[in-house]
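If you read the sequences in order, they're chains B and Y. Residue numbers for the first sequence follow this note's numbering, beginning at 25 and rising by one. Residue numbers for the second sequence follow this note's numbering, beginning at 25 and rising by one.
Careful: at least some of the hints might be erroneous.
Said to hold, decoys possible - If you want the footprint, here are the derived chain B segments under chain Y, 3+ residues with CB under 8 Å: (1) 35 to 43; (2) 392 to 403; (3) 450 to 459.
Unchecked claim - Computed, partial: chain B to chain Y, Cβ under 8 Å: (4) Leu32; (5) Arg167; (6) Pro263; (7) Leu265; (8) Phe268; (9) Thr289; (10) Phe290; (11) Leu377; (12) Val438; (13) Leu469.
Hints listed in this document are in silico derivations from the structure and should not be mistaken for laboratory results. Every residue gets a Cβ at the ideal spot worked out from N, C-alpha and C, and that includes glycine.
Number of protein chains: 2
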Amino acid sequence: LLPASSLLKFLLKVTNWHHPNFHAYYPTASSYPAILGDMLSDAIACIGFSWIASPACTELETVMMDWLAKALGLPDHFLFSSGGRGGGVIQGTASEASLMVFLGARNDAIAKLQAAEPQGEPCELLARLVAYTSEEAHSSVERAAKLAFVRIRSLKTDEKHSLRGDALKQAIAEDRAKGLVPILCIATLGTTSSCAFDNVRELGQICETYFSVNFLGSNREGLWCHVDAAYAGSALLCPELRNFADGIELADSFNFNPHKWMLVTFDCSALFLRDASKIVEIFSADPIYLKHEFTGQPDYRVNTGKFRWGVDSAPEDLVRHEVLRHQRASGLHKKGEFEDQQSGKTGSKHVSLAKEFEALILADGRFEVVEEVTLGLVCFRLKGTNEATEALYRTLREDQRIHLVASKFHSSGVYFLRFVVCSSQCESKDIRFAHSVIMEAANKLAK
Amino acid sequence: LLPASSLLKFLLKVTNWHHPNFHAYYPTASSYPAILGDMLSDAIACIGFSWIASPACTELETVMMDWLAKALGLPDHFLFSSGGRGGGVIQGTASEASLMVFLGARNDAIAKLQAAEPQGEPCELLARLVAYTSEEAHSSVERAAKLAFVRIRSLKTDEKHSLRGDALKQAIAEDRAKGLVPILCIATLGTTSSCAFDNVRELGQICETYFSVNFLGSNREGLWCHVDAAYAGSALLCPELRNFADGIELADSFNFNPHKWMLVTFDCSALFLRDASKIVEIFSADPIYLKHEFTGQPDYRVNTGKFRWGVDSAPEDLVRHEVLRHQRASGLHKKGEFEDQQSGKTGSKHVSLAKEFEALILADGRFEVVEEVTLGLVCFRLKGTNEATEALYRTLREDQRIHLVASKFHSSGVYFLRFVVCSSQCESKDIRFAHSVIMEAANKLAK
Chain B
25 LLPASSLLKF LLKVTNWHHP NFHAYYPTAS SYPAILGDML SDAIACIGFS
75 WIASPACTEL ETVMMDWLAK ALGLPDHFLF SSGGRGGGVI QGTASEASLM
125 VFLGARNDAI AKLQAAEPQG EPCELLARLV AYTSEEAHSS VERAAKLAFV
175 RIRSLKTDEK HSLRGDALKQ AIAEDRAKGL VPILCIATLG TTSSCAFDNV
225 RELGQICETY FSVNFLGSNR EGLWCHVDAA YAGSALLCPE LRNFADGIEL
275 ADSFNFNPHK WMLVTFDCSA LFLRDASKIV EIFSADPIYL KHEFTGQPDY
325 RVNTGKFRWG VDSAPEDLVR HEVLRHQRAS GLHKKGEFED QQSGKTGSKH
375 VSLAKEFEAL ILADGRFEVV EEVTLGLVCF RLKGTNEATE ALYRTLREDQ
425 RIHLVASKFH SSGVYFLRFV VCSSQCESKD IRFAHSVIME AANKLAK
Chain Y
25 LLPASSLLKF LLKVTNWHHP NFHAYYPTAS SYPAILGDML SDAIACIGFS
75 WIASPACTEL ETVMMDWLAK ALGLPDHFLF SSGGRGGGVI QGTASEASLM
125 VFLGARNDAI AKLQAAEPQG EPCELLARLV AYTSEEAHSS VERAAKLAFV
175 RIRSLKTDEK HSLRGDALKQ AIAEDRAKGL VPILCIATLG TTSSCAFDNV
225 RELGQICETY FSVNFLGSNR EGLWCHVDAA YAGSALLCPE LRNFADGIEL
275 ADSFNFNPHK WMLVTFDCSA LFLRDASKIV EIFSADPIYL KHEFTGQPDY
325 RVNTGKFRWG VDSAPEDLVR HEVLRHQRAS GLHKKGEFED QQSGKTGSKH
375 VSLAKEFEAL ILADGRFEVV EEVTLGLVCF RLKGTNEATE ALYRTLREDQ
425 RIHLVASKFH SSGVYFLRFV VCSSQCESKD IRFAHSVIME AANKLAK
């Protein structure tokens, strides 16, 4: 059994994701309103697994999700207050959001196929479904497909690592010719590997028009178009950064992670749906001990299962609520910036710091930047074969003064280093320091 | 957008799950070590999605899960330190734990079937799988089956609402005759509806011996035997309450929710596995930006997906660690009690309070108790038809002084009220108060 000194040892040895020299993965958030919110939430310790279990929990979440959608400039069809079937719900992670979307699209498609072919065995129908994503999408998309037992195709991207309409159109035609039923396309805004952006307008239009073809001779709707903006989504708070989300009004669902870049502590992925009933449906199972006289109310989940339509624990909304209220009070996001309370700095400052790093790297002719720098990630490498960059990575890991990770384009096999501005404490001097460490390592290798 | 006064309104209107007159569902926990742990965890705000992302996170969780298993007296094969393939992992809820088990058993079975029948299409093989549970199991088990797309049969229980070996044996024989492949049996210790206990020894023995029959002519192992002890599991801290878990050494996996009855704030379900690799397998997808030179280390999840083998966020282990250390320091669980720090009371006191309530209810000849009182739940009703108890429930809900919910046995259709000792603040006087409110309502109805 652990003595107290082990806890201290833990605190000393835990990886410091908030150090200004931490440039790996993507940022994760923390802020004092989030900590206060968690304290409140822990003290209340109330479980909102259905509306009746604590009506105020569900209602706070619906209000807050609408508020968040408005702050990001998302289309009205994602709002509860639009009066349609739309609305948002908090999931743990983007992977969980993807899984929900897969399960929703799967069950929706099977229900419609069964209506058209009442003799069809569910597993036979399942075998015909197919979903699409980009070859550069996060591995969690492929994993969600595997968990949902739905076939997925990773489609080729263009030279900017963006999935385009033509690739989707061609894949749909090929699969229809094989008798398969395309049900879902997951587009990514800001891939994990290189922060590439799929063309949501082109993909959304194809998803929308697909069923003018009237495949199956039924009134089935088009493909479900999901947009995963786990990292990049927070940037939509800044109107001047919204270009990358062109066509978002065509999306049937959208998710992003406030825990990445929006001051909310892990875990919090916001999932918005055009038709929430498609997710609610997959969890229908209403035992009597959870029935109540207000069953018309929006139940986030009518059971202690995590997977109704998903909310972990509504009082945790307090955390998000407090953080959002705080950001709003500052008014900074109205000026196109999302503020970091700890440092008084802003998210869009991360973008400027990334551009600063890019300029420093490009000043040395040995290096190249392999993806357009849109937000806080710079993908760079030593020109030439992968081996040189691999050696540079090993040297930097041994050096240990800065922390970053490597990646590789699926399409070209080009290996590169990912430099992410992560910490809210990160300053221009830290960028210059990281650059000097990289140059030192490159010079050492050159000898 | 919400003004600050709305937050205050929320605090005033949120359902108080910790009020001594709250007797609905099952308890949910809160404690000052849990709050301190969350503060620490929020301040560190480090993501442990793989060993390399923060080695100390993963290592704390492995140490803590072993410690927890030992405190509960679980079999050695669930320990990392046993040197086998076993180990524990934190999930959000019991529903999530069930889903993991379904996915693990499904993929394991399909891999083995494919080895025996290389021509088999995955969806055709999937169509042949079948899992079993009790008709009194929580709806989340059925839902997990639905999400995993695996057929499930809810088997009849005996007169004590306990699933017995004979029922499982018969179901397996019936299904094998139909060409189906039984893969999993989920037993419940402490059902949500009435806190009934399945016979784990009988079920475990059948799961274990099933493949002496050598179905499929391969070396496939037996059925996976999972034990869901979401509520009751915490009681295993008290050696004198362990009788209900007889046969637990036959289980291939086990989960319980420390957030229910063990001072840890929501959400925390501890899942232990005899062979963790079967869960790790279902999430295999290792992109390069997550590869590292220490890939032999136990990765709780090698991706930002929630669903690797599942941990939400390793620093949250601090919460559990602090609570557990605190409980240990008190030494109370060694005396057969698990302490509640807020009140100085103990979990086993909840059991005595439930017995006190049972005695009070039974003192009035109009009432009957419909399930043996083992832990903190008393299932009672007015003798006769369901209508009388339904009317009593409506009266109590209108009265609003105490809060409890109703349920119904799946087998007999008998409707009853669930009285749970939930709050750590609950005293004998609160039990007598609740009893007096119920008597008042019954007398009012009798007029």
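Hints, one by one, checked against the model:
{"no.": "1", "hint": "35 to 43", "in the structure": "holds (count 7)"}
{"no.": "2", "hint": "392 to 403", "in the structure": "violated (count 0)"}
{"no.": "3", "hint": "450 to 459", "in the structure": "violated (count 0)"}
{"no.": "4", "hint": "Leu32", "in the structure": "11 Å, violated"}
{"no.": "5", "hint": "Arg167", "in the structure": "5 Å, holds"}
{"no.": "6", "hint": "Pro263", "in the structure": "17 Å, violated"}
{"no.": "7", "hint": "Leu265", "in the structure": "22 Å, violated"}
{"no.": "8", "hint": "Phe268", "in the structure": "20 Å, violated"}
{"no.": "9", "hint": "Thr289", "in the structure": "5 Å, holds"}
{"no.": "10", "hint": "Phe290", "in the structure": "5 Å, holds"}
{"no.": "11", "hint": "Leu377", "in the structure": "20 Å, violated"}
{"no.": "12", "hint": "Val438", "in the structure": "11 Å, violated"}
{"no.": "13", "hint": "Leu469", "in the structure": "18 Å, violated"}
Hint compliance for this structure: hints 2, 3, 4, 6, 7, 8, 11, 12 and 13 are broken, all remaining hints hold.
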